[in-house]
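Each chain, written out:
Number of protein chains: 2
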Amino acid sequence: MSEHNQNSNDSILKKPMTRRDVLRLAGTGGLGLLLGGSAVGGMFAAESHRKTEAAKVPSASEDQVPFYGQHQAGIITPAQNFICFAAFDVTASGSNSLQKLFQSWTAAAAAMAEGKQVGEESSNHNLPPVDTGESVGLTPSRLTITFGAGPSLFDDRFGLASKRPPAFKDLPSFNGEQLEPQWCGGDIGVQVCADDMQVAFHAVRNLARIARGKAVLRWVQEGFQRSTQADPTGSTPRNLLGFKDGTVNPDVNSAQDMNKVVWARGNDGAAWMSGGSYMAVRRIRMRIEVWDRSSLKDQENTFGRYRASGAPLGAKNEFDPVDLSAKDEKGNPHIPADSHVALARGDGSIQILRRSYSYSGGIDLKTGQLDAGLLFISYQRDLFKQFVPMQQKLAKSDRLNEYILHVGSAVFACFPGASKGGYIGDTLF
Amino acid sequence: MSEHNQNSNDSILKKPMTRRDVLRLAGTGGLGLLLGGSAVGGMFAAESHRKTEAAKVPSASEDQVPFYGQHQAGIITPAQNFICFAAFDVTASGSNSLQKLFQSWTAAAAAMAEGKQVGEESSNHNLPPVDTGESVGLTPSRLTITFGAGPSLFDDRFGLASKRPPAFKDLPSFNGEQLEPQWCGGDIGVQVCADDMQVAFHAVRNLARIARGKAVLRWVQEGFQRSTQADPTGSTPRNLLGFKDGTVNPDVNSAQDMNKVVWARGNDGAAWMSGGSYMAVRRIRMRIEVWDRSSLKDQENTFGRYRASGAPLGAKNEFDPVDLSAKDEKGNPHIPADSHVALARGDGSIQILRRSYSYSGGIDLKTGQLDAGLLFISYQRDLFKQFVPMQQKLAKSDRLNEYILHVGSAVFACFPGASKGGYIGDTLF
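Chains as they are written, first to last, in our numbering: chain A, 113 to 541; chain B, 113 to 541.
Among the hints, a few may not be true.
Copies of the same chain look alike in the list, so a pair counts if it fits in one copy or across any two.
[Stated by the list, open to error] Keeping only pairs whose Cα atoms sit at most 27 Å apart, straight-line, the calculated DSSO-like set for lysine-lysine is:
1. Lys442 - Lys326
2. Lys505 - Lys478
3. Lys228 - Lys428
4. Lys372 - Lys326
5. Lys409 - Lys228
6. Lys228 - Lys505
7. Lys478 - Lys228
8. Lys439 - Lys409
9. Lys326 - Lys478
10. Lys326 - Lys428
11. Lys281 - Lys505
12. Lys532 - Lys275
13. Lys281 - Lys508
14. Lys439 - Lys497
Just so you know, the hints here were simulated from the structure itself, not pulled from any lab data.
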């Protein structure tokens with residue numbers, strides 16, 4: 113795993129510690145990053161990595177995630193509080209233009225990750241400023257900027273057709289989805305995350321500005337997690353459906369798990385993706401008003417857990433094991449076979465690394481209802497062996513489908529990390 | 113002023129302390145809320161009230177703003193990090209329904225301000241939950257919920273026509289505005305602010321749910337300030353145009369100033385508004401791409417300040433006085449007469465209390481550019497003596513108009529505070 117994502121608490125974060133153990137350790141101070149245990153799982157398993165409340169002024173190391181490294185930052189980095197996700201379409205043609213764009217973006221992203229402006233300002237005030245300036249005086253806020261190539265980048269515009277990884281293409285249609293073009297696709301996807309929304313916005317805006325004449329924004333989605341400030345106790349977060357949404361994520365501190373689940377290898381079919389990862393993004397609108405009118409019993413049967421405690425149905429505590437064979441006194445299974453937790457768990461053989469955020473985007477003009485939900489993001493070594501079969505199963509049978517609607521979709525081949533002197537995407541050219 | 117908005121640091125926050133004095137005090141600990149000095153002013157003067165980084169678990173008093181009081185919370189309360197603003201249209205008819213809605217909302221808002229759910233859950237799990245649950249386990253996060261009546265509430269539906277304050281009506285058209293119906297108006301406006309976006313979202317969603325059958329959402333806009341976590345030094349915040357955006361706000365700790373500028377009085381024409389305040393809301397889109405292509409010199413002449421330091425043009429330091437008569441060696445004024453700071457300052461006779469947030473709402477589908485800007489909010493005793501003349505002057509001549517576009521607009525008569533046992537709006541009926 114990447115050195116820059118490994119922290120000094122690695123050793124005390126090894127399994128099989130429970131979340132409560134970790135919380136107890138956190139109480140002794142110094143443990144800035146918590147890694148969560150398992151709760152709901154499936155598509156709706158938000159990250160439960162969280163920072164405990166930091167001291168007054170965060171130190172540079174707590175507040176900065178290095179940009180350069182074996183892997184890109186922002187993949188196994190514990191999730192920040194905010195996301196501003198930007199998909200771009202490339203308008204320039206030719207490989208040279210594209211390489212120059214990645215070179216400029218790399219320099220800017222590395223600077224911003226250190227809390228610097230995207231470049232030196234000129235002394236000629238008759239020129240536009242190099243940086244738009246709204247993050248001056250703010251800290252790096254754990255900013256990460258993660259770049260990936262969409263399947264359309266491998267068409268005939270840039271001479272990259274032969275470089276397309278064999279197992280990298282647009283997702284198949286899934287049952288029930290109602291994709292809206294304005295939330296789909298993109299030649300390039302950029303996941304920008306930070307603990308300050310203004311820092312994340314600044315990064316996207318300056319990347320878009322640097323791209324002028326070479327690429328244009330296709331779609332942008334902001335998102336949030338409940339803030340660490342508001343929940344210093346570090347309990348399992350709840351999604352916008354009100355249920356505790358922990359994670360069955362693999363252990364990001366286990367190089368073995370990450371190599372198995374997340375990092376692509378050279379012999380997977382595309383040598384340039386060695387150390388990279390494939391990202392799936394889904395904008396999942398929640399039918400909030402419908403959910404809010406359903407009974408607590410229906411809601412709990414939908415997730416397969418109790419809302420208040422987060423415990424699996426039939427069990428007592430949040431961290432009790434999910435036993436799909438447990439039956440009530442009438443011989444019926446406690447956890448319905450079509451509940452979200454039952455389907456997402458399956459036989460446990462498929463794993464993905466989730467990194468999702470909630471979103472709230474005003475009201476949907478068509479329905480007059482809140483346009484809110486989940487910006488689902490996952491990373492995996494192979495989309496078609498991991499994300500696709502899991503989502504096909506969920507799309508077909510998940511009880512949750514009555515209450516959610518997939519309206520956006522994109523996939524990106526996220527490059528390996530860049531070394532100083534190199535640039536993001538340099539293995540591709 | 114309201115007791116609940118007055119804190120124990122009142123005495124040390126009295127003028128004529130400078131911002132730096134306050135910062136110095138803050139360094140000694142215990143001073144949780146900073147009040148800022150003056151910087152840009154005008155429509156683009158974001159609140160510079162900020163919390164310093166709190167200790168691990170905020171105490172109840174630091175984290176809670178009492179709901180009940182002489183005035184509604186959320187008006188002179190130091191600005192929280194996030195806003196979720198909701199405008200509602202009433203669908204029920206008759207005064208009784210409306211009173212019941214306000215009674216239900218009052219009970220829910222008071223509970224949420226204490227970090228509680230909106231009501232007790234039933235033991236019958238075949239019923240929908242009373243509260244949607246996504247804020248369970250989160251702290252109150254300084255949640256404030258501020259209710260106001262739009263001019264349309266005083267039509268013939270509720271028998272309130274005779275209660276409309278004489279100086280309360282829809283705003284006149286302003287030069288250059290391009291209002292979009294989906295961002296305008298509303299029978300009722302609810303300003304929800306909190307230091308946790310999930311807490312703010314939860315409040316709006318549950319108010320909408322409680323209103324079912326009586327009122328529907330008309331528009332919702334989320335917003336942010338750069339977070340206290342990312343800027344523990346408390347320097348003047350920058351707006352999305354990259355300029356330091358302090359405030360010429362009156363002193364919220366001065367009862368005299370607040371009575372003069374903010375609080376309506378019984379003899380202003382509507383006895384029921386005594387202790388309330390009139391709110392103006394404008395959704396101001398920034399033409400970010402145009403701004404970003406303009407020279408630094410143009411940008412500085414537009415605001416009338418240097419971007420880097422925030423100092424008035426011709427002066428050296430951010431807090432140097434704005435001298436509109438100062439001239440350069442050629443005899444030209446340092447600060448252009450049509451700059452934002454010159455026009456907003458004027459002769460200093462008009463004051464308003466600003467409480468604005470930045471917003472970022474993905475991209476504008478029509479232009480493909482970022483839909484970002486300012487959710488301007490101000491409170492005043494009389495809209496037509498304060499906000500309207502100031503905005504007419506800005507709309508006519510402000511250099512900033514080249515870079516901004518007013519697309520949304522609403523005004524609300526925000527009720528006086530409710531006493532325990534009473535409800536928001538009870539003086540109206």
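So, going through the hints one by one against the coordinates:
Taking the closest pair of Cα atoms, Lys442 and Lys326 never come within 27 Å of each other, the shortest separation being 65 Å inside a single copy and 43 Å across copies. Taking identical chains as interchangeable, the C-alpha atoms of Lys505 and Lys478 are never at most 27 Å apart, the minima being 29 Å within one chain and 37 Å between chains. Proximity of Lys228 to Lys428 under the C-alpha cut-off of 27 Å is restricted to the inter-copy arrangement: shortest distance 24 Å between copies versus 49 Å within a copy. Proximity of Lys372 and Lys326 under a CA criterion of 27 Å is satisfied in neither setting, with 36 Å inside one chain copy and 54 Å between copies.
Proximity of Lys409 to Lys228 under the C-alpha cut-off of 27 Å is restricted to the inter-copy arrangement: shortest distance 22 Å between copies versus 51 Å within a copy. With identical chains, the CA atoms of Lys228 and Lys505 are never at most 27 Å apart, being 45 Å at best within one copy and 38 Å at best between copies. When the C-alpha separation of Lys478 and Lys228 is checked against a cutoff of 27 Å, the pair qualifies neither within a copy, at 42 Å, nor between copies, at 33 Å. Proximity of Lys439 and Lys409 under a CA criterion of 27 Å is satisfied intra-copy only: 17 Å inside one chain copy versus 73 Å between copies.
Proximity of Lys326 to Lys478 under the C-alpha cut-off of 27 Å is restricted to the inter-copy arrangement: shortest distance 20 Å between copies versus 34 Å within a copy. Proximity of Lys326 to Lys428 under the C-alpha cut-off of 27 Å is found in neither arrangement, the shortest distances being 56 Å within a copy and 39 Å between copies. Taking identical chains as interchangeable, the C-alpha atoms of Lys281 and Lys505 lie at most 27 Å apart only when both belong to the same chain, with a minimum of 20 Å there against 56 Å between chains. Taking CA atoms no more than 27 Å apart as the test, Lys532 paired with Lys275 passes inside one copy only; the shortest distance there is 24 Å, against 69 Å between copies.
Proximity of Lys281 to Lys508 under the C-alpha cut-off of 27 Å is restricted to the intra-copy arrangement: shortest distance 21 Å within a copy versus 53 Å between copies. Taking the shortest alpha-carbon separations for Lys439 and Lys497, neither the intra-copy value of 32 Å nor the inter-copy value of 70 Å comes in at or below 27 Å.
Going down the numbered hints, you'll see the structure goes against 1, 2, 4, 6, 7, 10, 14, while the others check out.
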